[in-house]
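If you want the building blocks of each chain, they are given just below.
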Amino acid sequence: MAMRNDVKALPGPMRLLLAGLALVLAAGCATSQSRQTTSVVDYLYPDAAQPVVDQGIPVLTLPMRIGVAFVPDAPGRASLVLTEARKRQLLDEVAAHFRDRDFVRAIEIIPSAYLRPKGGFQNLDQLRTMYGVDVVALVSYDQAQFTDENFTSLAYWTIIGAYLVRGEKNSTHTMVDTVIVDIPSRKMLFRAPGTSFVKGSATPVNLAEQLRRDADRGFEEAVAGMIGNLDQELVVFQDRVKQSPEAYQVVKTGDYRGGGALGLLGALLFAGFAIAGSRWAARGA
Amino acid sequence: VGGARRVIRLPRWTLAVVAGALAASLAPALASALVFERGAIAQGELWRLASGHLVHFSALHLAANLLVLLPAGWLLELRDPGVGPWLYGLAMPAIGALLWLTDPALAQFGGASGLACAALAAFALGELAAGGRRRAVGGVLLAGLLLKLAAEWGGGWSMPGVAAGGSFVAVPASHAAGIALGSLVWLARRRRTAPAAMPLHAA
Chain A
170 MAMRNDVKAL PGPMRLLLAG LALVLAAGCA TSQSRQTTSV VDYLYPDAAQ
220 PVVDQGIPVL TLPMRIGVAF VPDAPGRASL VLTEARKRQL LDEVAAHFRD
270 RDFVRAIEII PSAYLRPKGG FQNLDQLRTM YGVDVVALVS YDQAQFTDEN
320 FTSLAYWTII GAYLVRGEKN STHTMVDTVI VDIPSRKMLF RAPGTSFVKG
370 SATPVNLAEQ LRRDADRGFE EAVAGMIGNL DQELVVFQDR VKQSPEAYQV
420 VKTGDYRGGG ALGLLGALLF AGFAIAGSRW AARGA
Chain B
463 VGGARRVIRL PRWTLAVVAG ALAASLAPAL ASALVFERGA IAQGELWRLA
513 SGHLVHFSAL HLAANLLVLL PAGWLLELRD PGVGPWLYGL AMPAIGALLW
563 LTDPALAQFG GASGLACAAL AAFALGELAA GGRRRAVGGV LLAGLLLKLA
613 AEWGGGWSMP GVAAGGSFVA VPASHAAGIA LGSLVWLARR RRTAPAAMPL
663 HAA
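The listed protein sequences correspond, in order, to chains A and B. Mapped onto the numbering used here, the consecutive letters of the first sequence carry residue numbers 170 to 454. Mapped onto the numbering used here, the consecutive letters of the second sequence carry residue numbers 463 to 665.
If we strip away everything but chain A, and leave its shape as in the complex, we get (with noise of 0.2 Å):
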């Protein structure tokens, strides 16, 4: 109550100042966001009131060929920064890091104008017939974006300020999953997720370019950390496969690498103890 007495008791010029001050302040707390993302549940089962049926347990045919695109996305949400080309690249990243392994016969990179929103399995299917995949990693994403104004952006009441000062300070939130599904059993083989956190600041003036340059770092980011995590549940995947055959069929064909390898831990044990032994047995004789 003192203080209301206290503003009132200012000149008429200082309390329009005053005003105008807060009303600024209150205008640099402004948050702007906003959300790009594909959803791989809404493309594989777009109907949820059909029932999904078990289709037996994944034959895996060694060496494969496995198909990987981006999950389409959905009408009015998709990220302007990914365009086909860009998608591309990123697959091409991926593809690279997988083609050289042994188990991998190919690896088709399928564009997304072969993948229709909502389109499951019947369009996996097509996808199967048309480039002979029997199993495709689907990449999907969710990226946000959020914009805060700081206490600086008040230097864009000069009109120059709104060219020099970065008073726009952005984040960008990115996550990549990659699901590997095996289309004949409808099963889902492993997944990996990659994600990025990206910083950034601006002017007014280049926001968008700058926003733009952020959701490109951080899909560049994310997948670089996908691939990571693909490499470690492939891993854990073949452990996996190893000890339960009752859930996974495994067919190898023709042209494929073998190698005779004795594992490091055992090589270990078996040196280790090889030497050990002798010596402790000469010493004993």
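It should be emphasised that the hints constitute simulated quantities derived from the structure, not laboratory data. A few of these clues could be false.
No farther apart than 25 Å at their CA atoms in a straight line, the calculated lysine to any residue pairs in the SDA-like style are these [to be verified]:
| hint | chain 1 | residue 1 | chain 2 | residue 2 |
| --- | --- | --- | --- | --- |
| 1 | A | 411 | B | 638 |
| 2 | A | 421 | B | 563 |
| 3 | B | 610 | A | 377 |
| 4 | A | 421 | B | 504 |
| 5 | A | 411 | B | 566 |
| 6 | B | 610 | A | 445 |
| 7 | B | 610 | A | 449 |
| 8 | A | 411 | B | 611 |
| 9 | A | 421 | B | 556 |
| 10 | B | 610 | A | 278 |
| 11 | B | 610 | A | 403 |
| 12 | A | 411 | B | 612 |
| 13 | B | 610 | A | 404 |
| 14 | A | 411 | B | 565 |
| 15 | B | 610 | A | 434 |
| 16 | A | 421 | B | 560 |
| 17 | A | 411 | B | 613 |
| 18 | A | 421 | B | 610 |
| 19 | B | 610 | A | 413 |
| 20 | B | 610 | A | 265 |
| 21 | B | 610 | A | 409 |
| 22 | B | 610 | A | 407 |
| 23 | B | 610 | A | 405 |
| 24 | A | 411 | B | 569 |
| 25 | A | 411 | B | 522 |
| 26 | A | 421 | B | 551 |
Sample of chain A residues lacking proximity to chain B, with all beta carbon distances greater than 12 Å (derived) [as the list claims (entries may be wrong)]:
| hint | residue |
| --- | --- |
| 27 | 200 |
| 28 | 271 |
| 29 | 396 |
| 30 | 447 |
Since this is a predicted model, take the numbers as computed values, not measurements. Ideal Cβ positions, reconstructed from N, Cα and C, are used throughout, including at glycine.
Please arrange chain B on chain A, whose structure you already have, making use of the hints.
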């Protein structure tokens, strides 16, 4: 003057195989000429049946195999200095030929683990036949080898050799063939194997 001079007896044959494997790893052109390639073998390049053991698909694959082959071959050649030509002369082409005949889907093969298993099996049997502590050492080694083999076969399919750091499918048949051939070599030469405990360094 005074005291016997200790001379380290080098396992020439094992070292030659190890040197060959290292050379193939350092020279991709050499590896390409030596690797087990079904198509090339079918066209008459029969040396690949034997030389494929010298080729490895990654540094870790090489390290894991030589880690066993070097000590096992060394110990074996110390016990039986003349065993090298027998072991490697028989096992190298025979394992390759067995894989060629029994696994038509195997397009390419590399790795010295079959030879390592052969050397380890021959050494373990020699120790088992001896008395005292050597018998225990041989028994444990042989049991370990057979357990590993059972685990590999029991596991069925083995995805790319992640354990060995390479991109290939592990071939347990090469280990089984190596153990069988190592046992055969030991049987053929058991009278020549030093019956008593022989020191690791010859006086």
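Status of each hint after checking the structure:
no. : hint             : in the structure
1   : A:411 with B:638 : holds, 19 Å
2   : A:421 with B:563 : holds, 16 Å
3   : B:610 with A:377 : violated, 61 Å
4   : A:421 with B:504 : holds, 21 Å
5   : A:411 with B:566 : holds, 23 Å
6   : B:610 with A:445 : holds, 20 Å
7   : B:610 with A:449 : holds, 23 Å
8   : A:411 with B:611 : holds, 15 Å
9   : A:421 with B:556 : holds, 24 Å
10  : B:610 with A:278 : violated, 40 Å
11  : B:610 with A:403 : holds, 23 Å
12  : A:411 with B:612 : holds, 14 Å
13  : B:610 with A:404 : holds, 20 Å
14  : A:411 with B:565 : holds, 20 Å
15  : B:610 with A:434 : holds, 12 Å
16  : A:421 with B:560 : holds, 18 Å
17  : A:411 with B:613 : holds, 10 Å
18  : A:421 with B:610 : holds, 22 Å
19  : B:610 with A:413 : holds, 19 Å
20  : B:610 with A:265 : violated, 34 Å
21  : B:610 with A:409 : holds, 19 Å
22  : B:610 with A:407 : holds, 18 Å
23  : B:610 with A:405 : holds, 20 Å
24  : A:411 with B:569 : holds, 23 Å
25  : A:411 with B:522 : holds, 22 Å
26  : A:421 with B:551 : violated, 31 Å
27  : 200              : holds, 46 Å
28  : 271              : violated, 5 Å
29  : 396              : holds, 15 Å
30  : 447              : violated, 6 Å
Hint violations for this structure: numbers 3, 10, 20, 26, 28 and 30, all remaining hints satisfied.
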